Structure formats: C-alpha cells, structure tokens
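J.: Chain by chain, the residues:
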Amino acid sequence: QKEVEQDPGPLSVPEGAIVSLNCTYSNSAFQYFMWYRQYSRKGPELLMYTYSSGNKEDGRFTAQVDKSSKYISLFIRDSQPSDSATYLCAMRSRGGGADGLTFGKGTHLIIQP
Amino acid sequence: EAGVAQSPRYKIIEKRQSVAFWCNPISGHATLYWYQQILGQGPKLLIQFQNNGVVDDSQLPKDRFSAERLKGVDSTLKIQPAKLEDSAVYLCASSSSTGLSPLHFGNGTRLTVT
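Chains as they are written, first to last, in this note's numbering: chain A, 4 to 116; chain B, 30 to 143.
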C-alpha cells in the first residue's frame, strides 16, 4: 500500500460545477497537508496549506482534513476552464530535520467550457 | 520575489552519458530539495539540504546520482551514468526553514534518456 493514494483521473466536469478532489494516507505521522496545482510543463504551485482537522477556505478553494479517517479533500467552487490542471496532494510529518513532502500521484482535472 | 530558477529546461542524452542540472533557490531560503517526477506520477524526494549540509538523501540512488550545495545557495544534481528509467522531470524546491514553511518549486528540467 502506498503512503498516499490519489485517483489519477482524468476528471472532467462542466464549467461552474463544484469539484471534489481527494486523497487518503496511511502514515499517522503526517501532520501537515498541502494541495498543489501543476500546469503542463510547469512546477507545482502551492494552493492550500493546512495543519489541523477541519476546513480551511481561500476564495473558491476549500481544503478539508479528517485525521481520524486519514482523508483529505480539496473543493473548487464555480470551476473555471483555467482550473484545468493536475492537482497534487502532499503531506509531511512534524517539522525539524528531514521534512520532504510525500505526494500523491495527482488528479488530472479538465473543466469543459 | 524571484522564484526558484532551474536550468536547463530540457536535456536529451543517450544512456550511459552524464548530465547535470542547476538550481538557484529563492533568496534567503535555507532549505533546498531535489525531486524526481516521472510522467504520470507525483514528485518523489531525492535529497534535502539545510544550508550546505545534507538532511535526507535516503531515496537518492547514490551509485549514479550525486548532489551538492557547496556555498549553501545554488545546487547541482548530477547523474552518471544515466539509464533509460531516469527519464523524468527534475524539480528543485526551496523553503525558508524546515517545519511549517511551504515549499516553492521551480519549473524543472525535463530529461529524456534515449
């Protein structure tokens, strides 16, 4: 079993729809959770960074963490064609020393105009 | 704030040849990471530096990969000799410190080994 599982998609939805992206993880040591967006031939760009269980909102994006279920989600409201990209979940254990991120495979999202 | 700079953007080599990638992190960022991203997969950590010291190189194939960050700023990653399975995008990232600081990525070097 991989440490972080993420459905690679592709996930295709019409413009304006609410998008739900998810990851599950197995390592209880993971404490910090991130979502990155990656456009083709670009590096990952940080979207959301959260630590505690619960919801964090930033504009059209909401990140949700459920540590008891080892499950994280990213919701995108009012999706736009410009949101078409690969979305990577990433996580790390408590800081100090080796703290490189462990990534999911990424979900390829397509927003149809 | 200037982002993480990487060069070259693309590189094509034959197997058994050597190649080197360069990274210049965001100014003032003490922590630097090299990741390997194979097509269709998420990035995988190869090595982490804190200033000019190695913090984690547990996933670096040390028989062929090497990396250095001599003055605690720029870094180079080298592969010698390259194998077909090394074809990937090599991403450099930096953060201001370990722990809570987010990672900022460059646009990577796309390596094709033929």
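Source of the hints: derived by calculation from the structure; they are not laboratory data. These numbers were taken from a predicted model, which means no experiment stands behind them. Glycine included, each C-beta is placed from N, C-alpha and C at the ideal position. It is possible that part of the hints are untrue.
Said to hold, decoys possible - Cβ-to-Cβ under 7 Å is the rule here; a few derived chain B residues that face chain A: (1) Q46; (2) G137; (3) L140.
As the list claims (entries may be wrong) - Pairs of lysine to any residue, SDA-like flavour, derived with a Cα cap of 25 Å: (4) A:K5 <-> B:N53; (5) A:K45 <-> B:H133; (6) B:K107 <-> B:L129; (7) B:K73 <-> A:Q115.
J.: Output the indices of the hints that this structure fails to meet, ascending.
T.: Checked against the structure, the hints that fail are numbers 1, 3, 4, 6, 7, while the rest are satisfied.
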